[in-house]
Amino acid sequence: MYEQQLSKALAVEGLTEQDIAGALETPKEPKLGDICLPCFKFARAMRLAPPVIAAKLMPYAQVLDFVDRAEVAGGYLNIFFDRAVIAEKVREAAYAGKGVGSGNEGEGKTICIDYSSVNIAKPFHIGHLSTTVIGGALYRIFEHLGYRVVGINHLGDWGTQFGKLIVATRRWSSLEEVEKNDEYFLNSLYVRYHKEAEENPSMDDEARAWFKRIEDGDEEATKYFDVFKQVTMRAVGKIYDRLKIKFDSYAGESFYNDKMEECLDILREKNLLIESDGAQVVKLDEYDMPPCLLVKADGATLYATRDIAAAYYRKRTYDFEKCLYVVAYQQNLHFKQLFQVLKLMDFAGAEDLEHIAFGMVSMEDGAMSTRNGRVVWLKDVLDKAVEKAAAIIDEKNPDIKDKAAIAESVGVGAVVFSALFNNRIKDITFSFDKVLNFDGETSPYLQYTYARCASALRKGGEPDCSDIDVGAITDDEGYEVIKSVLTFGDSVRQAAKLREPCCVSRHVMDLAEKFNRFYIGHRIIVDDAAVKNARLLLTKATANVIGAGLGLLGIDAPEEM
RNA sequence: GCACUCGUAACUCAGUUGGAUAGAGUGUCAGAUUCCGAUUCUGGAUGCGCGGGUUCGACUCCUGCCGGGUGCGCCA
Numbered sequence: 002m003y004e005q006q007l008s009k010a011l012a013v014e015g016l017t018e019q020d021i022a023g024a025l026e027t028p029k030e031p032k033l034g035d036i037c038l039p040c041f042k043f044a045r046a047m048r049l050a051p052p053v054i055a056a057k058l059m060p061y062a063q064v065l066d067f068v069d070r071a072e073v074a075g076g077y078l079n080i081f082f083d084r085a086v087i088a089e090k091v092r093e094a095a096y097a098g099k100g101v102g103s104g105n106e107g108e109g110k111t112i113c114i115d116y117s118s119v120n121i122a123k124p125f126h127i128g129h130l131s132t133t134v135i136g137g138a139l140y141r142i143f144e145h146l147g148y149r150v151v152g153i154n155h156l157g158d159w160g161t162q163f164g165k166l167i168v169a170t171r172r173w174s175s176l177e178e179v180e181k182n183d184e185y186f187l188n189s190l191y192v193r194y195h196k197e198a199e200e201n202p203s204m205d206d207e208a209r210a211w212f213k214r215i216e217d218g219d220e221e222a223t224k225y226f227d228v229f230k231q232v233t234m235r236a237v238g239k240i241y242d243r244l245k246i247k248f249d250s251y252a253g254e255s256f257y258n259d260k261m262e263e264c265l266d267i268l269r270e271k272n273l274l275i276e277s278d279g280a281q282v283v284k285l286d287e288y289d290m291p292p293c294l295l296v297k298a299d300g301a302t303l304y305a306t307r308d309i310a311a312a313y314y315r316k317r318t319y320d321f322e323k324c325l326y327v328v329a330y331q332q333n334l335h336f337k338q339l340f341q342v343l344k345l346m347d348f349a350g351a352e353d354l355e356h357i358a359f360g361m362v363s364m365e366d367g368a369m370s371t372r373n374g375r376v377v378w379l380k381d382v383l384d385k386a387v388e389k390a391a392a393i394i395d396e397k398n399p400d401i402k403d404k405a406a407i408a409e410s411v412g413v414g415a416v417v418f419s420a421l422f423n424n425r426i427k428d429i430t431f432s433f434d435k436v437l438n439f440d441g442e443t444s445p446y447l448q449y450t451y452a453r454c455a456s457a458l459r460k461g462g463e464p465d466c467s468d469i470d471v472g473a474i475t476d477d478e479g480y481e482v483i484k485s486v487l488t489f490g491d492s493v494r495q496a497a498k499l500r501e502p503c504c505v506s507r508h509v510m511d512l513a514e515k516f517n518r519f520y521i522g523h524r525i526i527v528d529d530a531a532v533k534n535a536r537l538l539l540t541k542a543t544a545n546v547i548g549a550g551l552g553l554l555g556i557d558a559p560e561e562m
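Residue numbers (the working numbering): 2 to 562.
A hint or two may mislead.
[Unchecked claim] Using 30 Å as the maximum straight-line C-alpha spacing, the simulated DSSO-like pairs for lysine-lysine come out as follows:
{"#": "1", "residue 1": "LYS42", "residue 2": "LYS29"}
{"#": "2", "residue 1": "LYS435", "residue 2": "LYS460"}
{"#": "3", "residue 1": "LYS32", "residue 2": "LYS224"}
{"#": "4", "residue 1": "LYS284", "residue 2": "LYS260"}
{"#": "5", "residue 1": "LYS230", "residue 2": "LYS435"}
{"#": "6", "residue 1": "LYS110", "residue 2": "LYS260"}
{"#": "7", "residue 1": "LYS385", "residue 2": "LYS435"}
{"#": "8", "residue 1": "LYS316", "residue 2": "LYS260"}
{"#": "9", "residue 1": "LYS427", "residue 2": "LYS385"}
{"#": "10", "residue 1": "LYS435", "residue 2": "LYS404"}
{"#": "11", "residue 1": "LYS29", "residue 2": "LYS57"}
{"#": "12", "residue 1": "LYS110", "residue 2": "LYS123"}
[To be verified] Okay, the calculated beta carbon distance ranges per label pair:
{"#": "13", "residue 1": "GLU177", "residue 2": "ILE426", "range": "42 to 48 Å"}
{"#": "14", "residue 1": "GLY238", "residue 2": "TRP173", "range": "33 to 39 Å"}
{"#": "15", "residue 1": "GLY147", "residue 2": "LYS397", "range": "36 to 42 Å"}
Hints listed in this document are in silico derivations from the structure and should not be mistaken for laboratory results.
The beta-carbon is built from N, C-alpha and C at its ideal position, and this holds for glycine as well.
From just these sequences and the hints, can you work out the full model?
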């Protein structure tokens, strides 16, 4: 808050606006001021001791109309805002609705986000959660800042697993049966295939042959392919609805089948494609990386080949400013190679590709594995969380309306939030106890706080802005709430800049804690109308920010719970 | 072996471009409600893996070691 004005005002004694702007920071503790300027780094150039510099700057801060006072503490200049001036700004936040903290710096810019990217024929498991909700949150965060966002689900809909599924379907089931059943049935065929193929390796030849037929556009094989894809999409569609995730494009791997050749031509033209052990690769020794394999010895293309084609297609189709790949860090090397190859190809968007890596999920007894059944399906996790939420509602608020919908919001929200509260890079050891914990720093806490605000607003009525006593919210607790409300937008920007949704979740959590402290200490609905209106206004602003923050994360904020 | 990455309280994690006395939650113990929703709030206790370096100042940057994770040509 007020960084610009302060930078301008304190650019004296040879200091530039940039010097000041780069040094301003928020003190650790509220009692040290609202904003501060450490003057140590100016000492050398100014040939003065930091406290002397702070003292010289103090009068320039002191005269600003939004400043109450400035103090010199060691080498710091601590600035305290005029609380009444700050409090006035809450009005705006209270009437901004869901748009609170939004911006327009993204206007005219397009960001592509590649996330979720499910594998066809595999049910949605807990390992798919991070990419899906991180991508979804980044989508909304950028949108909130005015960007045009293109959400891309780069479906894993190509590869020999389709041949395997055809073999399995023909042996133990039928196309009709698969079509009628859900994704778990399809998965059971896949698991059975792997079990039996161990003893009967000829099945793999059969599978390869079927996949070849898909590649060749064979009618019968394509029919199978379409059904498998349809069954999977039906299932993940339900999950996406529950998670509030949407995509603008489902162009997956199969989509790029006919778009790779032109990329390989570019590589050949630039003499980048080299034969090695029968395969065709791009050498990356110069960049301390192993070669990037693009065409197998048998002539088939690879994941990386399709990613190159996808990059070209996206640049051409969307003319992106940035293209983000929300994919686990296991693929760090793959993306480093991919980006380097594209750079060597002089691809126009090469500098704008970014791998947004995140940690992996494992089970308490080791890595997850679909084949041996050591896997947790997301649907089960969501269902259990919703069940638990319903039980708590039954116990605490049995007469509430729309119980099922609220339990869904609370349960699903808790699962989503658990994946968005920490830094992306952290590994996660999955445990039901942790995900189903609704106490402490969880989304049910945020939702509860939101519902508490909503309840107060129902009882207190719409705040009347013509009759406000800002003094009623400039006490320490209220003032902390105000500052948190007003800096929400900064956190949204930080989240976009770092591609870290947790900047938003952390901010909203902090606000909820501050509001609850305020709430306990001060009655909102009091006889004095001016005081009541001020507190209601703050309550409304708080509800807006919590609601907007949860919304950015893809979590509902029910009015009651 | 090489590369990347992580190591903060008993546990799970925050910690702004390096800045003041390193903070939360869980769990634990002790408290708070005649009054707006106790899924709330208040208080107590425990810590930066180890050693060097750069700096006025290092959890943060560099370097060495220790420990965990991931990756390293025909999977995606």
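Hints and how they fare:
Restraint check: the Cα-Cα separation between LYS42 and LYS29 comes to about 19 Å, which is no more than 30 Å; the hinted pair holds. The suggested pairing of LYS435 with LYS460 is violated, with an alpha-carbon distance near 35 Å, which exceeds 30 Å. Distance restraint check for LYS32 and LYS224: the Cα-Cα separation of roughly 69 Å exceeds the 30 Å cut-off, and the hinted pair is therefore not satisfied. Between LYS284 and LYS260 the CA atoms are separated by roughly 22 Å; this keeps the pair inside 30 Å, and the hint holds.
At roughly 33 Å between alpha-carbon atoms, LYS230 and LYS435 are farther apart than 30 Å, so this suggested pair is violated. Distance check on the hinted pair: LYS110 and LYS260 sit about 26 Å apart at the alpha-carbon level, within 30 Å; holds. A hinted pair counts as satisfied when its Cα atoms are at most 30 Å apart, and LYS385 with LYS435 qualifies at roughly 12 Å. In summary, the hint linking LYS316 to LYS260 is supported, as the alpha carbons are separated by about 13 Å, within the 30 Å threshold.
For a cut-off of 30 Å, the pair hint linking LYS427 to LYS385 stands: about 24 Å separates their Cα positions. Annotation: proposed proximity of LYS435 to LYS404 holds, straight-line Cα distance about 24 Å (limit 30 Å). Among the hinted pairs, LYS29 with LYS57 is consistent with the structure: their alpha-carbon atoms are about 23 Å apart, no more than 30 Å. A distance of roughly 35 Å separates the Cα atoms of LYS110 and LYS123; the hinted pair therefore is violated under the 30 Å criterion.
For GLU177 paired with ILE426, a C-beta distance near 46 Å keeps the hint of 42 to 48 Å intact. The supplied range of 33 to 39 Å is broken by GLY238 and TRP173, whose beta-carbon atoms lie about 26 Å from each other. For GLY147 paired with LYS397, a C-beta distance near 40 Å keeps the hint of 36 to 42 Å intact.
In this structure, the hints that do not hold are numbers 2, 3, 5, 12 and 14, in rising order.
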